[in-house]
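Visitor: So you can see what is in the structure, the chains are spelled out below.
There are 2 protein chains.
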Amino acid sequence: MSYVAPTKDILFCIKELAQIDEVAKIPAFAEAGFDTAQAVVEECAKFNEGVVAPLNWEGDKNPSFWKDGQVTTTPGFKDAFKQFAEGGWQGLQHPVEFGGQGLPKAIGAAAIEMLNSANTSFALCPLLTDGAIEALLTAGTPEQQQMYIPKMIDGTWTGTMNLTEPQAGSDLALVRTRAEPQPDGTYKIFGTKIFITFGEHDMAENIVHLVLARVAGAPEGVKGISLFIVPKFLVNADGSLGARNDVHCVSIEHKLGIKASPTCVLQYGDHGGAIGYLVGQENRGLEYMFIMMNAARYAVGVQGISVAERAYQKAVQYAKDRVQSRPVDGSMPGSAAIIHHPDVKRMLMTMRAYTEACRAMAFVAGAAYDASHHHPDEATRKQNQAFYEFLVPLVKGYSTEMSLDVASLGVQVHGGMGFIEETGAAQYLRDAKILTIYEGTTAIQANDLVGRKTIRDGGMVAKAICAQIAKTEGELAARSSVACRAVAKRLTAGRKALEDVIEFIVANTKTNPNAAFAGSVPYLMLAGNVVAGWQMGRALMIAEDRLAAGEDAEFMKTKIVTVRFYADHILSRAAGMRDAIVEGAESVTALSAEQF
Amino acid sequence: MSYVAPTKDILFCIKELAQIDEVAKIPAFAEAGFDTAQAVVEECAKFNEGVVAPLNWEGDKNPSFWKDGQVTTTPGFKDAFKQFAEGGWQGLQHPVEFGGQGLPKAIGAAAIEMLNSANTSFALCPLLTDGAIEALLTAGTPEQQQMYIPKMIDGTWTGTMNLTEPQAGSDLALVRTRAEPQPDGTYKIFGTKIFITFGEHDMAENIVHLVLARVAGAPEGVKGISLFIVPKFLVNADGSLGARNDVHCVSIEHKLGIKASPTCVLQYGDHGGAIGYLVGQENRGLEYMFIMMNAARYAVGVQGISVAERAYQKAVQYAKDRVQSRPVDGSMPGSAAIIHHPDVKRMLMTMRAYTEACRAMAFVAGAAYDASHHHPDEATRKQNQAFYEFLVPLVKGYSTEMSLDVASLGVQVHGGMGFIEETGAAQYLRDAKILTIYEGTTAIQANDLVGRKTIRDGGMVAKAICAQIAKTEGELAARSSVACRAVAKRLTAGRKALEDVIEFIVANTKTNPNAAFAGSVPYLMLAGNVVAGWQMGRALMIAEDRLAAGEDAEFMKTKIVTVRFYADHILSRAAGMRDAIVEGAESVTALSAEQF
Chain A
1 MSYVAPTKDI LFCIKELAQI DEVAKIPAFA EAGFDTAQAV VEECAKFNEG VVAPLNWEGD
61 KNPSFWKDGQ VTTTPGFKDA FKQFAEGGWQ GLQHPVEFGG QGLPKAIGAA AIEMLNSANT
121 SFALCPLLTD GAIEALLTAG TPEQQQMYIP KMIDGTWTGT MNLTEPQAGS DLALVRTRAE
181 PQPDGTYKIF GTKIFITFGE HDMAENIVHL VLARVAGAPE GVKGISLFIV PKFLVNADGS
241 LGARNDVHCV SIEHKLGIKA SPTCVLQYGD HGGAIGYLVG QENRGLEYMF IMMNAARYAV
301 GVQGISVAER AYQKAVQYAK DRVQSRPVDG SMPGSAAIIH HPDVKRMLMT MRAYTEACRA
361 MAFVAGAAYD ASHHHPDEAT RKQNQAFYEF LVPLVKGYST EMSLDVASLG VQVHGGMGFI
421 EETGAAQYLR DAKILTIYEG TTAIQANDLV GRKTIRDGGM VAKAICAQIA KTEGELAARS
481 SVACRAVAKR LTAGRKALED VIEFIVANTK TNPNAAFAGS VPYLMLAGNV VAGWQMGRAL
541 MIAEDRLAAG EDAEFMKTKI VTVRFYADHI LSRAAGMRDA IVEGAESVTA LSAEQF
Chain B
1 MSYVAPTKDI LFCIKELAQI DEVAKIPAFA EAGFDTAQAV VEECAKFNEG VVAPLNWEGD
61 KNPSFWKDGQ VTTTPGFKDA FKQFAEGGWQ GLQHPVEFGG QGLPKAIGAA AIEMLNSANT
121 SFALCPLLTD GAIEALLTAG TPEQQQMYIP KMIDGTWTGT MNLTEPQAGS DLALVRTRAE
181 PQPDGTYKIF GTKIFITFGE HDMAENIVHL VLARVAGAPE GVKGISLFIV PKFLVNADGS
241 LGARNDVHCV SIEHKLGIKA SPTCVLQYGD HGGAIGYLVG QENRGLEYMF IMMNAARYAV
301 GVQGISVAER AYQKAVQYAK DRVQSRPVDG SMPGSAAIIH HPDVKRMLMT MRAYTEACRA
361 MAFVAGAAYD ASHHHPDEAT RKQNQAFYEF LVPLVKGYST EMSLDVASLG VQVHGGMGFI
421 EETGAAQYLR DAKILTIYEG TTAIQANDLV GRKTIRDGGM VAKAICAQIA KTEGELAARS
481 SVACRAVAKR LTAGRKALED VIEFIVANTK TNPNAAFAGS VPYLMLAGNV VAGWQMGRAL
541 MIAEDRLAAG EDAEFMKTKI VTVRFYADHI LSRAAGMRDA IVEGAESVTA LSAEQF
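Residue numbers (the UniProt record's numbering), protein chains in the order written: chain A, 1 to 596; chain B, 1 to 596.
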C-alpha cells in the first residue's frame with residue numbers, strides 16, 4: 001500500500017493531547033467522544049488508503065489539463081470525488097442543519113490530514129470548498145446559505161476563493177476587479193483572477209466562486225473590497241441550474257508541484273459581465289475572506305503534516321528495503337538495509353519528530369477552535385479563541401516550512417533513486433513547496449503573528465502560553481526519568497529564548513519596525529518550534545504513564561524516543577534562533593535596495 | 001541578461017582570500033598572478049553570460065532525449081560545447097604538455113563556478129571529463145595519456161565516470177561488472193552501469209568511459225575492483241576512430257532536475273564484450289577512482305555555490321521589480337518593491353551570505369590544492385594537502401546543502417510566481433537537489449570527514465584548523481569596529497562548539513561508533529559553517545582595510561554587512577548544533593529498524 005494512515009498517532013493526539021473527551025463535554029459535541037473519533041478515523045483511513053492515495057502519483061504524471069476553457073482532471077479523480085462526496089466527507093465539520101455532521105475540528109483535522117497525505121492535489125478541491133462554506137456560514141444571508149451550502153456539503157457543487165490578481169498577491173489593497181451594481185440588486189463583475197485552485201474542473205456540476213472585487217466608488221485600499229458569490233452556472237429559485245455565467249477559465253498554470261490541482265486564470269465579464277451576489281455588506285469583503293482564510297490557513301498547515309507523513313513513510317520503506325554497506329557498529333557481518341546506518345536513522349528521526357510535533361500542535365489547536373466556538377462559558381470561549389488564533393500562524397508557517405525539510409530529507413534517504421521522478425519521493429518535495437506560499441506566505445503568517453497576535457495585546461497571549469509551557473517544564477522536571485529531565489532542560493531553554501524574543505518584538509515593533517520585522521519569520525519559527533516541543537513534552541509524560549499502565553507499550557516507547565529526539569535535535573536550536581533575532585536585526589536591513 | 005558573473009566577489013576571493021599572488025610565487029604558477037586571474041575571469045564571464053547561460057532554461061524545457069540508443073542534447077548545446085572547446089576552457093587546469101593551460105585551481109574554480117551558474121546541466125559534461133583526465137594523469141600509461149588526454153582537453157572527446165550499478169551505489173564493494181582478460185592484454189567488459197552522466201550524447205566524436213569492474217578471481221569487496229578505459233569508439237594507433245565498442249546507452253532517466261544532462265544506463269558487453277584497457281594495476285581501481293572523485297567532489301561543491309549564486313540573482317531581480325505592500329517603517333507612502341520589506345531582505349541576505357561564505361571557503365581550498373601539488377617545499381605541500389583534504393567534504397557537503405536552502409528561499413522570494421515553472425526560480429531548486437546526492441551523498445562526505453579526515457590523525461588537522469580560526473578571532477577582537485567584535489564573538493562560539501564536537505568524534509568513533517556517526521552529518525555542517533565563517537571573518541578585516549584605503553568602497557561596505565549577517569544569522573547556530581551532536585546521539589539510534 002502506498003499510504004498507511006498513522007491512525008495510532010492521530011488517535012493519540014485526539015485522545016491524549018486534544019483531549020477529545022473534554023471536547024465532548026461541550027453540548028454541541030456531545031456525540032463526539034473518543035469512540036466517534038476512532039470510528040471516523042478508521043473509516044476515513046480506509047477510504048483514503050484505498051481510493052484516494054493510489055491516484056497521487058497518477059495525478060503527477062497526468063495532471064489536469066485545459067482545452068478550450070474546459071479543465072479535465074486526472075483520470076480517476078472524478079470517480080474518487082464522487083465517492084468522497086457520497087461518503088459524507090465534505091460535511092464532516094459543517095452544521096447538521098445543512099447536511100453536515102457537525103463534528104469538532106479535533107476530529108476533522110484527522111480527516112484533512114489523511115486526505116492530504118493520500119493526495120494533496122485532490123484534497124485541494126474540498127479544502128477550498130470548506131473555505132467557501134465557512135464564508136457563507138459567517139456572512140451569507142439565510143437564502144444564500146440554503147441555496148449554496150447543502151449542495152457544496154453533498155459534493156454536487158464545489159467552491160473557490162478568488163483573491164489574487166496579477167498585481168495583487170500578498171497585497172490585497174491592490175485588487176482591481178470591479179463590481180457594478182445592477183438595478184435588480186445583483187452586480188456585474190469584471191476582472192482577472194489568477195492562481196484560482198480548482199477554479200474550473202469536471203468533478204462537480206457547478207462551482208461557487210467567492211470573489212473579492214471593488215464596488216464603483218468604494219474607498220481605496222483594503223477597506224473598499226467586497227465579497228461576491230459568482231456561480232459558474234446561475235442557480236434558479238428551485239435550485240436547478242440556469243444560464244452559464246460570464247466567468248471563464250482562460251488557462252491553467254504549469255507548476256512545480258500539485259500538478260493535478262488545476263490552478264486557473266479566471267476571466268470575469270469578458271462577455272458583458274459576470275453576475276455576482278453580494279455577501280454580507282459592501283466593503284467588508286476582506287473581513288469575511290479572513291474567516292475562510294483562517295480556516296484555510298489551518299488546513300494548509302495540516303497539509304504540511306500530511307506531505308511530511310507520506311514522505312516519511314516512503315523513506316522508511318526504502319530504507320528498510322535498500323541494502324548497502326556494513327553497519328558502523330559491526331552488528332552485521334555484511335551489507336545491511338540502510339535503515340541500520342546512523343545517519344539514515346538521523347534523517348528518518350528528524351522527519352518523524354517534526355511530523356509528530358506539528359501534528360500534536362495542530363490537533364491541540366483544533367480542540368481550542370472547538371471550545372472557542374461552542375463552549376458554553378464565554379470566558380473559556382475567549383481564552384480558547386485567543387490561543388487558537390495565536391496558533392494558526394504557527395500551524396500554517398511552521399508545519400509547512402518543516403514539510404519542505406522533511407520532503408527534502410525524504411529524497412535524500414533515497415539517494416540517487418530519489419532524484420528519479422518515477423521513484424515518487426521527489427513529488428512530495430515539489431508538492432510541499434507551495435505550502436509555504438499559498439494562503440499567505442510564511443512572511444505573511446509572521447506579520448500576522450507579530451501584528452495581530454503579539455503586538456495588539458502587548459504580548460499578553462504569547463506570555464500566557466509561555467507560562468503554560470513553564471508549567472509543563474515543571475511537571476517534566478519533577479519526574480525521575482532521564483528523558484523527562486532532558487526534555488525539561490531543552491524546553492526551558494526554548495521557552496526562555498521565546499520569551500526574550502516576545503519582549504524584543506513587543507519593544508521594537510513601533511519604535512524600530514525594521515528590527516522587529518527582520519525577526520518576524522524567525523520569531524514564527526521559534527514559536528512554532530517551542531509550542532510544538534511543548535506538546536511533545538506533554539506527550540512524553542502521557543506516554544510514560546501509559547507505558548507504566550501497560551498500554552500499547554511499543555507505541556509508547558517509540559513516542560518517548562521521538563520526543564527526546566525532538567528536544568535534543570530541534571528544540572536545541574532555540575537559543576541560536578533567539579540570538580539571530582535579538583542581536584542580529586541590524587545586518588538584515590543594513591543594505592539598501594541598490595546595494596543588492 | 002539572465003546571469004551576470006559575480007566577478008568582483010570572485011576576484012576578491014582569488015586575490016584577498018586565496019592570495020593568488022602567493023600562489024604565483026610557486027614556480028609552476030609563475031604566470032598565474034592576479035593579472036592573469038582577472039583576464040581569465042573576465043573572458044570566462046563573457047563566454048558564460050553570452051553563450052552558455054541563455055541555454056539553461058531551454059535545457060529544462062527541452063531536455064536531452066534518447067532514441068534507439070542515441071542521445072540528442074538540447075538544441076544549442078552542441079554548438080555551445082564547440083565554442084567551449086575552442087575557447088580552451090576544458091584545459092584550464094590541465095598540464096600544458098597535453099594542450100592545457102596549467103592554471104592553478106584558485107583560478108580554475110572561478111571558471112567552474114561561472115560555467116555551472118550559467119548552466120549546471122551543460123557544465124556536467126566538462127566536469128566529468130575533468131575527472132577522467134585526472135584519473136589518466138594519475139594512473140594511465142604514457143601511451144594512454146597521449147592517446148586520450150589531448151583529445152579530451154581540446155574537446156574532441158569527452159569523458160565519463162562509471163561507478164554505480166543498481167545494487168552498488170554508495171557501497172562500491174557491491175560492484176559486479178566483470179572484466180575478462182584477453183590474450184592481447186585487453187579485457188572484455190560485461191555489466192550494467194547506471195546514473196552515468198553524459199554517458200551518451202552528440203556533442204563530441206568519442207566518449208572515454210572510465211569503468212570500475214572486477215577481474216575474474218579478484219578479491220571480494222573494494223580491494224578487487226579495477227579501473228578500465230572503455231572508449232565508445234575504439235581508437236586506432238594513429239589516433240583515428242575505429243570500430244564501435246560494445247557499450248550502449250539503453251535508456252536515460254526522467255529526473256527532478258538537471259534535465260538537460262543525460263543520465264544514462266550503459267550496457268557493457270551485450271554483443272560479445274566491450275573492449276577495455278586496464279588503467280594502472282589490477283585491483284587498485286578504487287584508489288584511482290578516488291582521485292577523480294576528489295576532484296569531482298570539489299567541483300560539485302562549487303556547483304552548489306553556482307546554483308546558489310544564480311538563484312540569488314534571480315530573486316534579487318524579482319524583489320526589485322515586484323511592487324507589493326507598504327514598507328513597515330513608513331519610509332514610502334504607497335506600495336514598494338518587495339526588496340524594501342525586512343523579511344525579503346532577510347531571505348536575500350541569507351542567500352547572499354551563504355553563497356559568499358561558501359565561495360570564500362572553496363577558493364581558499366583551491367589555493368591549498370595548488371600549494372599541495374606544486375609548492376617546492378615538501379612540508380608546505382604536506383600541510384596544504386592535509387588542509388585541502390579536510391576541506392573537500394566541507395566544500396562538497398556544506399556548499400551543496402546550503403544551495404538547497406538558498407534555491408528554496410529563491411522560490412519563496414517569488415511568492416506564487418516562484419511555483420510557476422516558466423518563472424525559472426523552481427529550476428534551481430530542482431537542479432540543486434542532486435548536488436547533495438551525487439559524487440557521494442552528504443552522509444558519505446561526512447563519513448569521509450569523520451573517518452579519513454578526523455579519526456585517522458586523532459583530530460590533529462581538525463584541531464590545527466581550530467587554532468588558526470582562534471588566531472583570526474584574536475585579530476578580529478583586537479579591532480575597534482562593532483562588526484569585528486560581533487563577528488569575533490560568534491566565531492569564538494562557533495570554534496569552541498566545533499572543538500567540542502571534534503573531541504566527541506575522536507573519543508567515540510571506535511568505542512561508540514553509533515554515537516559518533518549519529519553526529520557525522522551535523523559535524524560536517526558545523527565544520528562547514530565555522531570554516532566558511534572563518535573565511536568571512538578574514539574577509540571582514542580585509543574589507544575594512546580596503547575601505548579605509550579608499551578601494552571600491554561600495555563593494556567593501558556590502559561585504560562588511562554580509563559578513564556580519566553571516567555571523568549573526570548562520571554562525572549563531574553553532575552552539576545548538578554542538579548540543580545536538582554531543583548530547584543528542586542516543587535518541588538517533590534508539591529505535592530499532594522494526595520500530596519505524
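The set of hints was computed from the structure by calculation and includes no laboratory data.
Among the hints, erroneous ones may be present.
A pair counts as met if it fits within one copy or between any two copies, since identical chains are not told apart.
Claimed, not checked - Here are the computed lysine to any residue pairs in the SDA-like style, where the Cα-Cα straight-line distance is at most 25 Å:
{"no.": "1", "residue 1": "Lys-188", "residue 2": "Pro-54"}
{"no.": "2", "residue 1": "Lys-510", "residue 2": "Pro-333"}
{"no.": "3", "residue 1": "Lys-489", "residue 2": "Met-332"}
{"no.": "4", "residue 1": "Lys-320", "residue 2": "Val-222"}
Model, not experiment: these values are computed from the prediction.
Visitor: I want to check one pair: Lys-510 and Pro-333. Are their C-alpha atoms no more than 25 Å apart within a copy, between two copies, both, or neither?
Guide: The answer is between: 17 Å across copies meets 25 Å, while 64 Å in one copy does not.
Visitor: For the identical chains here, do Lys-188 and Pro-54 meet the 25 Å Cα criterion within one copy, between copies, both, or neither?
Guide: Neither way: Lys-188 and Pro-54 sit 42 Å apart in one copy and 45 Å across, limit 25 Å.
Visitor: Please work out whether the CA atoms of Lys-489 and Met-332 approach to 25 Å or closer within one copy, between two copies, in both situations, or in neither?
Guide: Intra 36 Å, inter 45 Å, cutoff 25 Å: neither.
Visitor: Evaluate Lys-320 and Val-222 at a C-alpha cut-off of 25 Å and name the case that applies: within, between, both or neither.
Guide: For Lys-320 and Val-222, the Cα distance is within 25 Å only across copies (24 Å; inside one copy 53 Å).
Figure legend: structure checked against the earlier numbered hints; hints not met, in rising order: 1 and 3.
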